[in-house]
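Residue strings, one per chain:
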Amino acid sequence: MSFFLNECYARMNQGEVIVAYKGSISADIISNTLSLVELKLEESLEQTGVKKKLYNVLVESLQNLFHHVDAINGVDNSENNYGVFVLAKQDQVFRISTGNFIRSDKSKILKEKIDKINSLSKEELKDFYKFVLNNQSFSEKGGGGLGLIDIARKTGNKLDYTFYDYSKEFDFFNLNVFINE
Amino acid sequence: MELINIEGTPKTPTVSMNPTTGVIEIKGRSIPENSIEFYKPIVDWLEEYNQGSAAKTVVNIQLEYFNTSSSKCILDVFKKLENLKKNQKDVLINWYYEEDDEDMLEAGEDYESIIKVPFKMIQIVD
Chain A
1 MSFFLNECYA RMNQGEVIVA YKGSISADII SNTLSLVELK LEESLEQTGV KKKLYNVLVE
61 SLQNLFHHVD AINGVDNSEN NYGVFVLAKQ DQVFRISTGN FIRSDKSKIL KEKIDKINSL
121 SKEELKDFYK FVLNNQSFSE KGGGGLGLID IARKTGNKLD YTFYDYSKEF DFFNLNVFIN
181 E
Chain B
1 MELINIEGTP KTPTVSMNPT TGVIEIKGRS IPENSIEFYK PIVDWLEEYN QGSAAKTVVN
61 IQLEYFNTSS SKCILDVFKK LENLKKNQKD VLINWYYEED DEDMLEAGED YESIIKVPFK
121 MIQIVD
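Chains A and B, in that order, give the protein sequences.
With the numbering used here, letter number 111 in the first sequence gets 111, and the count goes up by one each step, no holes.
With the numbering used here, letter number 81 in the second sequence gets 81, and the count goes up by one each step, no holes.
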């Protein structure tokens, strides 16, 4: 099973890797990563607009991961809240890849949500965002249900995803977000 | 009513709220994992402020970044301001955005279309 995760992680690590992590996902890990990436971006030659968008989408992607990691036992030395993320650049496109376990019964709803987001035009996404902003309440984990919609809106790209069958109870969810330079 | 002065952190904005002058400012970044806790005193303050507000309330929002968790709380703040307006009070929201930050301008326009309070979009030029 660890073989499978290493495979996934290796695939995510293609291109020029800016930051890569696998292990337990905690609030501290997310905060420290954001500070690190911000420093690296300050030194980079990207346009301010691109830096801002990238940082914004990274915040949303990592916090989404933080809110949705499902605890699973026995993976990678029994670490709970296991997840992976990679920020890399390849051919003038930044990619944020995240991976986490999700209870299989929740996969279908998530898949439907992403497919819906991917089917919407720019204007429809704006309306959908405003609708959820105004009508949906917070989940118990503090997410507002807006993360993926916001990411799709800000990047202007489709959300790329795969659900891997991991066990009877769990799937491994891999999301790839692309930000054009 | 008390003044509110909250100092900013790398994840939360600087907030100042003055019941006498009616000037409210939220500046910096708002990216906590869970924003409800941070915004609760602000929303509660506005609830109380509604009972005896200044004749004119000016709200300056100048955010560098905010996450979607904060976007809901900011909407709650604006809904309280909408109540002020309903009570025939003068309210203006100044929404600041940097020249190269179209996403921030769009976010302001989203709120403007939901909330029935006058907005002024102000571009910050370096």
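Since the hints were derived computationally from the structure, they do not count as laboratory data.
A quick note: this is a predicted structure, and the numbers were derived from the prediction, not measured.
Hints are not guaranteed to be accurate.
Calculated pairs, EDC-like style, for lysine to aspartate or glutamate (alpha carbon to alpha carbon, straight line, at most 16 Å) [to be verified]:
hint	chain 1	residue 1	chain 2	residue 2
1	A	Lys-51	B	Asp-103
2	A	Lys-51	B	Glu-64
3	A	Lys-122	B	Glu-109
4	A	Lys-130	B	Glu-106
5	B	Lys-11	A	Glu-38
6	B	Lys-80	B	Glu-25
7	A	Lys-126	B	Glu-106
8	A	Lys-158	A	Asp-105
9	A	Lys-126	B	Glu-112
10	A	Lys-130	B	Asp-103
11	A	Lys-51	B	Asp-110
12	B	Lys-40	B	Asp-76
13	A	Lys-122	B	Glu-106
14	A	Lys-51	B	Glu-99
15	A	Lys-130	B	Glu-112
16	B	Lys-11	A	Asp-28
17	A	Lys-122	B	Asp-103
18	A	Lys-126	B	Glu-109
19	A	Lys-130	B	Asp-110
20	A	Lys-126	B	Asp-103
21	A	Lys-51	B	Glu-25
22	A	Lys-122	B	Glu-102
23	A	Lys-116	A	Asp-160
24	A	Lys-122	B	Asp-76
25	A	Lys-126	B	Glu-102
26	A	Lys-51	B	Glu-109
Partial pick of chain A residues on the chain B-facing surface, computed with a CB cut under 8 Å [as the list claims (entries may be wrong)]:
hint	residue
27	Ile-29
28	Glu-60
29	Ala-88
30	Phe-128
31	Lys-130
32	Asn-134
Chain B stretches covered by chain A per the calculated footprint, using a threshold of three residues with CB under 8 Å from any CB of chain A [stated by the list, open to error]:
hint	stretch
33	65-72
34	104-116
Ideal Cβ positions, reconstructed from N, Cα and C, are used throughout, including at glycine.
Evaluation of the provided hints:
1. A:Lys-51 / B:Asp-103: holds, 12 Å
2. A:Lys-51 / B:Glu-64: holds, 12 Å
3. A:Lys-122 / B:Glu-109: Within the cut-off at roughly 15 Å; holds.
4. A:Lys-130 / B:Glu-106: holds, 11 Å
5. B:Lys-11 / A:Glu-38: holds, 13 Å
6. B:Lys-80 / B:Glu-25: holds, 15 Å
7. A:Lys-126 / B:Glu-106: Measuring from Cα to Cα gives roughly 9 Å; hence the hint holds.
8. A:Lys-158 / A:Asp-105: violated, 24 Å
9. A:Lys-126 / B:Glu-112: Answer holds: Lys-126 (chain A) to Glu-112 (chain B) is near 13 Å, not above 16 Å.
10. A:Lys-130 / B:Asp-103: Measuring from Cα to Cα gives roughly 14 Å; hence the hint holds.
11. A:Lys-51 / B:Asp-110: Roughly 23 Å separates the two Cα atoms, so the pair is violated.
12. B:Lys-40 / B:Asp-76: Satisfied, since the Cα-Cα distance of roughly 10 Å is no more than 16 Å.
13. A:Lys-122 / B:Glu-106: Holds, at about 12 Å.
14. A:Lys-51 / B:Glu-99: Judged against 16 Å, a Cα distance of about 14 Å means the pair holds.
15. A:Lys-130 / B:Glu-112: Within the cut-off at roughly 11 Å; holds.
16. B:Lys-11 / A:Asp-28: holds, 12 Å
17. A:Lys-122 / B:Asp-103: holds, 13 Å
18. A:Lys-126 / B:Glu-109: This hinted pair holds, its Cα atoms lying about 11 Å apart.
19. A:Lys-130 / B:Asp-110: With Cα atoms ~7 Å apart, Lys-130 (chain A) and Asp-110 (chain B) stay inside 16 Å; holds.
20. A:Lys-126 / B:Asp-103: holds, 11 Å
21. A:Lys-51 / B:Glu-25: Roughly 26 Å between the alpha carbons, so the hint for Lys-51 (chain A) and Glu-25 (chain B) is violated.
22. A:Lys-122 / B:Glu-102: holds, 14 Å
23. A:Lys-116 / A:Asp-160: holds, 13 Å
24. A:Lys-122 / B:Asp-76: At roughly 25 Å apart (the allowed maximum being 16 Å), Asp-76 (chain B) and Lys-122 (chain A) break the hint.
25. A:Lys-126 / B:Glu-102: holds, 14 Å
26. A:Lys-51 / B:Glu-109: violated, 22 Å
27. Ile-29: Status violated, d = 11 Å.
28. Glu-60: holds, 6 Å
29. Ala-88: violated, 22 Å
30. Phe-128: This interface hint is violated because 11 Å lies over the 8 Å limit.
31. Lys-130: Holds. Min distance 6 Å.
32. Asn-134: holds, 6 Å
33. 65-72: holds (count 6)
34. 104-116: holds (count 4)
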